[in-house]
Amino acid sequence: MERIRMVFSGSGGQGVITAAIIIAEAAVLHENLVAVQSQSYGAEARGGSTRSDVLISDTEINFPKVTHPNLLVCLTQEAYNKFSPIIRPGGFLITDTRYVKTHKKVAARQRELPLYQTVMDEIGKPVVLNICMLGAVIGMIEIVRPESIMKVIETRIPPGLIDINRKALELGIKLGKPFKG
Amino acid sequence: MNEKIIKFVQGNEACVEAALYAGLNFFAGYPITPSTEIAETLSARLPQTGGKFVQMEDEIASMCAIIGASLTGNKVMTATSGPGFSLMQEALGYAVMAEIPCVIVNVQRGGPSTGNPTHVSQGDVNQARWGTHGDHAIITLTASNHQDVFSITVDAFNMAETYRTPVILLFDEVIGHMRERLVMPEKGELPLVERLKTSVKRGVDYHPYLPREDGRLPMSDFGGIHRYNVTGLFHDMWGFPSSDPAIVHGLLRHLADKIMNNENSIARYKEYFLEDARTILISYGSSARSALHVVKNRRARGESLGLLELQTLWPFPADIVREKCEDAKCVIVVEMNMGQVLQQVKAAVDNPEKVFLANRIDGVLINPTDIRNIMRLIQGKGV
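Each protein sequence line maps, in turn, to chains F and G. Heads up: the first sequence begins at 1 in my numbering, then just goes up one per residue. Heads up: the second sequence begins at 1 in my numbering, then just goes up one per residue.
Read the hints as simulated data drawn from the structure, not as lab findings. Positions of the beta carbon are idealized from the N, C-alpha and C atoms, including for glycine. Careful, some of the hints might be misleading.
Listed below are the simulated DSS-like cross-link pairs for lysine-lysine, each with C-alpha atoms no more than 30 Å apart in a straight line [said to hold, decoys possible]:
{"no.": "1", "chain 1": "F", "residue 1": "151", "chain 2": "G", "residue 2": "346"}
{"no.": "2", "chain 1": "G", "residue 1": "270", "chain 2": "F", "residue 2": "65"}
{"no.": "3", "chain 1": "F", "residue 1": "65", "chain 2": "G", "residue 2": "4"}
{"no.": "4", "chain 1": "G", "residue 1": "7", "chain 2": "F", "residue 2": "167"}
Here are some chain F residues pointing at chain G (derived, C-beta under 8 Å) [what the hints assert, rightly or not]:
{"no.": "5", "residue": "18"}
{"no.": "6", "residue": "21"}
{"no.": "7", "residue": "24"}
{"no.": "8", "residue": "25"}
{"no.": "9", "residue": "28"}
{"no.": "10", "residue": "29"}
{"no.": "11", "residue": "30"}
{"no.": "12", "residue": "34"}
{"no.": "13", "residue": "35"}
{"no.": "14", "residue": "36"}
{"no.": "15", "residue": "38"}
{"no.": "16", "residue": "62"}
{"no.": "17", "residue": "63"}
{"no.": "18", "residue": "64"}
{"no.": "19", "residue": "65"}
Each pair of labels, with its calculated beta carbon distance range [claimed, not checked]:
{"no.": "20", "chain 1": "G", "residue 1": "187", "chain 2": "F", "residue 2": "107", "range": "52 to 58 Å"}
{"no.": "21", "chain 1": "F", "residue 1": "179", "chain 2": "G", "residue 2": "364", "range": "29 to 35 Å"}
{"no.": "22", "chain 1": "G", "residue 1": "264", "chain 2": "F", "residue 2": "31", "range": "52 to 58 Å"}
{"no.": "23", "chain 1": "F", "residue 1": "151", "chain 2": "G", "residue 2": "252", "range": "53 to 59 Å"}
{"no.": "24", "chain 1": "F", "residue 1": "59", "chain 2": "G", "residue 2": "4", "range": "17 to 23 Å"}
{"no.": "25", "chain 1": "G", "residue 1": "49", "chain 2": "F", "residue 2": "126", "range": "37 to 43 Å"}
{"no.": "26", "chain 1": "F", "residue 1": "114", "chain 2": "G", "residue 2": "49", "range": "45 to 51 Å"}
{"no.": "27", "chain 1": "F", "residue 1": "151", "chain 2": "G", "residue 2": "187", "range": "24 to 30 Å"}
{"no.": "28", "chain 1": "G", "residue 1": "50", "chain 2": "F", "residue 2": "163", "range": "45 to 51 Å"}
{"no.": "29", "chain 1": "F", "residue 1": "154", "chain 2": "G", "residue 2": "115", "range": "38 to 44 Å"}
{"no.": "30", "chain 1": "F", "residue 1": "59", "chain 2": "G", "residue 2": "264", "range": "32 to 38 Å"}
{"no.": "31", "chain 1": "G", "residue 1": "31", "chain 2": "F", "residue 2": "102", "range": "40 to 46 Å"}
{"no.": "32", "chain 1": "G", "residue 1": "50", "chain 2": "F", "residue 2": "97", "range": "53 to 59 Å"}
{"no.": "33", "chain 1": "F", "residue 1": "97", "chain 2": "G", "residue 2": "4", "range": "42 to 48 Å"}
Turn these sequences into a full structure, and let the hints guide you.
Here it is in structure tokens:
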């Protein structure tokens with residue numbers, strides 16, 4: 001398989017680091033793949049623009065950071081401005097229509113998705129925005145099965161919240177699937 | 001065969017799993033980035049297994065607490081980063097002198113002083129060797145991936161018991177915080193060295209510092225059936241202070257020799273494509289991951305490049321480095337400091353002029369492009 005290099009970025013508290021850990025853990029524990037996750041750490045992870053790198057592959061991963069992602073998620077304007085220049089040409093760049101105004105000079109497949117809007121309309125709780133985003137990611141690049149993501153989520157959150165997470169994941173997949181590539 | 005348990009964890013958590021596997025039952029520490037997850041995880045895990053976790057007032061107290069706990073028969077560990085490691089140096093020297101088995105983890109961040117708390121560095125290599133005063137020997141180990149973090153941590157506990165010495169685990173921020181797969185070794189899969197206890201009965205004179213014929217010193221749990229003295233002063237076989245030149249000389253030689261004479265048993269390293277390598281990279285910890293990336297990439301293009309990854313930093317495996325680099329035209333040390341291992345490699349090889357440094361000192365993990373650019377410069381090809 002082609003090595004997937006992902007960068008999840010946004011603002012501290014949006015859950016982008018958690019989302020990165022979930023997809024990487026799902027790949028390792030439930031897909032028998034190799035994954036490495038790392039994150040920006042410190043003050044910037046607590047309110048400023050935060051970033052987490054995930055590499056997924058079927059062979060050993062040595063260098064653990066992502067220099068040029070082939071999938072970049074930006075959930076704030078600041079993150080978009082900061083990280084959009086590092087995208088690998090032809091890669092996927094996922095943004096949220098509410099938080100990010102894109103510009104056209106990016107050599108990538110930009111996908112502006114109404115993640116926040118959909119979550120608020122269908123679920124009404126912004127806390128699952130990150131899981132909806134993960135759904136869009138695995139809808140676009142089928143690297144990890146939805147059930148694998150759910151298995152990891154189930155070990156991390158109270159049982160009462162599993163349903164809205166599943167719903168958020170499904171909504172995200174629906175948003176991402178049309179752009180599958 | 002049972003299915004192995006697979007975890008997806010941070011390096012700090014891999015270290016914790018290994019310490020518990022090795023029999024850790026006492027941890028005292030003071031949380032500090034980037035080592036905090038070790039204390040955090042152990043504060044939950046140790047009580048579950050009947051062990052003790054103590055959050056101390058500072059790192060001086062932490063080091064002293066594990067020394068005391070070790071003397072009473074426990075397997076002990078503390079974890080810190082640069083500033084805390086500085087505070088531990090005095091008591092670390094005491095542990096060397098009093099021959100107390102203990103494991104000290106230093107997850108390195110940028111220094112000096114409080115430095116660059118959330119970013120990676122490998123600047124404490126020489127501090128691990130010479131941070132505490134006076135002639136002495138010390139064991140320092142490191143690793144570049146979580147499976148190796150696990151096995152080297154178990155090794156650290158084993159060596160601490162075997163040689164009755166503090167052992168330093170010198171990890172770094174990238175390894176500590178990164179998450180990757182850890183396959184949990186089954187019980188019995190990795191050998192464990194248990195405390196060598198004296199067979200001297202109650203009421204019979206026990207000489208705490210009288211070595212057996214093989215040089216090892218059996219211990220008696222402090223506060224147990226024997227009364228004895230422990231001191232940081234030079235001491236005789238009863239543990240009482242002495243400045244008798246023969247005793248001072250003998251003890252200092254013993255402290256150094258028990259480790260330096262076992263350099264080969266303590267040496268841990270991994271080699272990749274060294275057989276025919278004309279250029280050899282030498283690295284350790286997280287920078288070894290970048291070095292291995294370069295080596296594999298260049299090998300695929302037919303270049304004769306190899307990697308010697310050091311896991312034992314002290315005592316420095318000079319014989320191994322010399323032997324492995326004998327036929328190399330060029331040796332490049334990849335590390336994130338201003339050349340601390342570089343100096344050791346230069347001293348080890350026959351021709352120090354063929355040894356170069358590829359480094360970063362800005363808190364950013366050295367990446368394969370950095371290494372390739374430096375290699376081009378060394379080869380006179382420009383950037």
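Okay, the hints, checked on the actual structure:
no.: 1; hint: 151(F) x 346(G); in the structure: violated, 52 Å
no.: 2; hint: 270(G) x 65(F); in the structure: holds, 22 Å
no.: 3; hint: 65(F) x 4(G); in the structure: holds, 28 Å
no.: 4; hint: 7(G) x 167(F); in the structure: holds, 27 Å
no.: 5; hint: 18; in the structure: violated, 12 Å
no.: 6; hint: 21; in the structure: holds, 6 Å
no.: 7; hint: 24; in the structure: holds, 6 Å
no.: 8; hint: 25; in the structure: holds, 4 Å
no.: 9; hint: 28; in the structure: holds, 5 Å
no.: 10; hint: 29; in the structure: holds, 6 Å
no.: 11; hint: 30; in the structure: violated, 10 Å
no.: 12; hint: 34; in the structure: holds, 7 Å
no.: 13; hint: 35; in the structure: holds, 7 Å
no.: 14; hint: 36; in the structure: holds, 5 Å
no.: 15; hint: 38; in the structure: holds, 5 Å
no.: 16; hint: 62; in the structure: holds, 4 Å
no.: 17; hint: 63; in the structure: holds, 4 Å
no.: 18; hint: 64; in the structure: holds, 5 Å
no.: 19; hint: 65; in the structure: holds, 6 Å
no.: 20; hint: 187(G) x 107(F): 52 to 58 Å; in the structure: holds, 53 Å
no.: 21; hint: 179(F) x 364(G): 29 to 35 Å; in the structure: holds, 33 Å
no.: 22; hint: 264(G) x 31(F): 52 to 58 Å; in the structure: violated, 42 Å
no.: 23; hint: 151(F) x 252(G): 53 to 59 Å; in the structure: holds, 58 Å
no.: 24; hint: 59(F) x 4(G): 17 to 23 Å; in the structure: holds, 20 Å
no.: 25; hint: 49(G) x 126(F): 37 to 43 Å; in the structure: holds, 40 Å
no.: 26; hint: 114(F) x 49(G): 45 to 51 Å; in the structure: holds, 49 Å
no.: 27; hint: 151(F) x 187(G): 24 to 30 Å; in the structure: holds, 26 Å
no.: 28; hint: 50(G) x 163(F): 45 to 51 Å; in the structure: violated, 39 Å
no.: 29; hint: 154(F) x 115(G): 38 to 44 Å; in the structure: holds, 40 Å
no.: 30; hint: 59(F) x 264(G): 32 to 38 Å; in the structure: holds, 33 Å
no.: 31; hint: 31(G) x 102(F): 40 to 46 Å; in the structure: holds, 41 Å
no.: 32; hint: 50(G) x 97(F): 53 to 59 Å; in the structure: holds, 54 Å
no.: 33; hint: 97(F) x 4(G): 42 to 48 Å; in the structure: holds, 44 Å
Violated hints, in rising order: 1, 5, 11, 22, 28; the structure is consistent with all others.
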